[in-house]
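Chain by chain, the residues:
2 protein chains.
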Amino acid sequence: MYIGIDLGGTNIAVGLVDDTPKVIAQASRPTLSTRPYEEIVKDMAELCEEVAIKGGCSMAEIQGIGIGSPGSVDSKAGVILYANNLGWSNIPLVEELKKYFPAIPIAVENDANAAAYGEYAVNGNGAESFVAITLGTGIGGGVVLNNQILRGCNGAGGELGHISMVFDGEPCTCGKVGCWEAYASVTALIRQTKAAIEANPDSLMATKAAEEGKVSGRTAFEAAKAGDAAAQKVVDAYLTYAAEGIVSIINIFQPEVLVIGGGISREGDYLLNPIKEYAKKYVYGAAFCRTELKIASLFNDAGIIGAALASVQ
Amino acid sequence: MYIGIDLGGTNIAVGLVDDTPKVIAQASRPTLSTRPYEEIVKDMAELCEEVAIKGGCSMAEIQGIGIGSPGSVDSKAGVILYANNLGWSNIPLVEELKKYFPAIPIAVENDANAAAYGEYAVNGNGAESFVAITLGTGIGGGVVLNNQILRGCNGAGGELGHISMVFDGEPCTCGKVGCWEAYASVTALIRQTKAAIEANPDSLMATKAAEEGKVSGRTAFEAAKAGDAAAQKVVDAYLTYAAEGIVSIINIFQPEVLVIGGGISREGDYLLNPIKEYAKKYVYGAAFCRTELKIASLFNDAGIIGAALASVQ
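Residue numbers (my numbering), protein chains in the order written: chain A, 1 to 313; chain B, 314 to 626.
So here's chain A without its partners, still in its complex pose:
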């Protein structure tokens, strides 16, 4: 048994993970991130004990505790170098949690990397090279090579959303312009959908958005499926941006498996098939590309499972 801790800016979610690997018990508390970190870690420790009890096992049976944290993480030292949304810098997270569980191996990973490791454990089929991409509010990613997470020298490796896409393009949250994330995240899709609604106020897409009172990452996809030409244009453009970034990633890693997760991945084959087609055409040396493209399967559990398993990596 393992425990995975998904530390977010809003909630601390903790799960007991078995060898399958599956989350068999879960508990969470609000992070209340302005508190001293010692209090947050105390809550983590209590949540660990809570999920162990819920899962019917003792802490002595726990083989490892892993934390997925936002920000730059020094996994070797067990320190959060910097996490913007927690207001943390140089927090000795592992050392602090060790005070509660001195006999259990404890490790910390960047949250996107932990989630990628979770997908790798479940969907990687032991691949020597594996990439996970999350098309969510932003674009996250993680790379696993020879069963090792690609961390880079500062724990911030695998920022796949911040590769170039459109020179001199839209501003990105990272301070640069034109990043992939600024074109193929859900946030970008919503922006693209809103612009298309403004230009096509009579479209089905516009009607749907008005009915729902908001524009979401599903608005354009649903209207396109119902035959709306303006929405189809939005979806086609979005899929090209998504595919173009995935081709760049394949050209770099030529991974055995590349898994696409995040909110938009719920579109399934409707998302996956056009990306496969695009990759077949445009990957460098496409005839020799052996990358298997798949939709992620773990969704929210990926972070907990990945952090749990990475603790004994």
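There could be a bad hint or two in this list.
[To be verified] Derived CB-CB ranges, DEER-like:
1) 295(A) with 539(B): 52 to 58 Å
2) 290(A) with 539(B): 49 to 55 Å
3) 77(A) with 514(B): 55 to 61 Å
4) 397(B) with 312(A): 42 to 48 Å
5) 280(A) with 594(B): 32 to 38 Å
These are calculated hints, taken from the structure and not from any lab test. C-beta atoms are modelled at their ideal positions from N, C-alpha and C, and glycine is treated no differently.
Dock chain B against chain A, hints included.
Okay, now just chain B, sitting in the frame of chain A:
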């Protein structure tokens, strides 16, 4: 002592490499690539013996022979899967060369990866993560992580030149449009310089090109250094393209060391300093970036040294 073989479309260059690692003896022959591969390998074997004699050692002292080959390479099997400029597919290169030297470890790598490994051996300072980029006729690259070349599952990993740069941009040799290579290779710089000369026929850059009877990768750089405003514009735009791609690569790998080679790298600090400035500003979480950016030092020897050392990796 090791032997490195740099197999090109035009020449086979073979070098004897000592432990420094330095090339201490060299020999070459034309590839004549339309011949049966067995004949090409026979030449390789003879060149190996030639450099050993030149270097004053016997073949018994050779600890490994490494070949850097263009194209997709299955290093595990020792097979060239596909090399366009040799007209090869599925060539058992290692097996064939083993016939001449059955007692010596022999390995084959993609040539760009071999060159990256050579730079890593000399300039990597034992870095856990290392990237080499070649701004040449195209943009080549290689990645070394934990002393392992990043090969991908088909031997074609590390095609760093074929990440996106300009959406819907200039056509690239790979069949896609808008790749980094189509904006920051020497070929791209020459295209950009020619366009600027046409628009600025009275510029110093235009005069220089007319005097030399051609436009090269140096034309704009030299005219800019001499104060030509139009040339400076070309150089500034080129440097931004180069830097933008390097920022993407850093965001993915956060390598300890990133080395820039290829023809344009002879510009030294004139190239490196603006790229460093750009990276300092635009790398994701730049304040925590620890990547050391350097100019490559091996130039033409990188392939031979890298192939030689990779043979015993």
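Now for the hints, and whether the structure bears them out:
Taking 52 to 58 Å as the suggested C-beta distance range, the pair residue 295(A) and residue 539(B) conforms, at roughly 56 Å. Taken as a hint, the range 49 to 55 Å holds for the pair residue 290(A) and residue 539(B), whose Cβ atoms sit roughly 50 Å apart. Checked against the given bound of 55 to 61 Å, the beta carbons of residue 77(A) and residue 514(B), roughly 60 Å apart, stay inside it. One distance hint, 42 to 48 Å for the beta-carbon pair residue 397(B) and residue 312(A), holds here, with the actual separation near 45 Å.
Taken as a hint, the range 32 to 38 Å holds for the pair residue 280(A) and residue 594(B), whose Cβ atoms sit roughly 37 Å apart.
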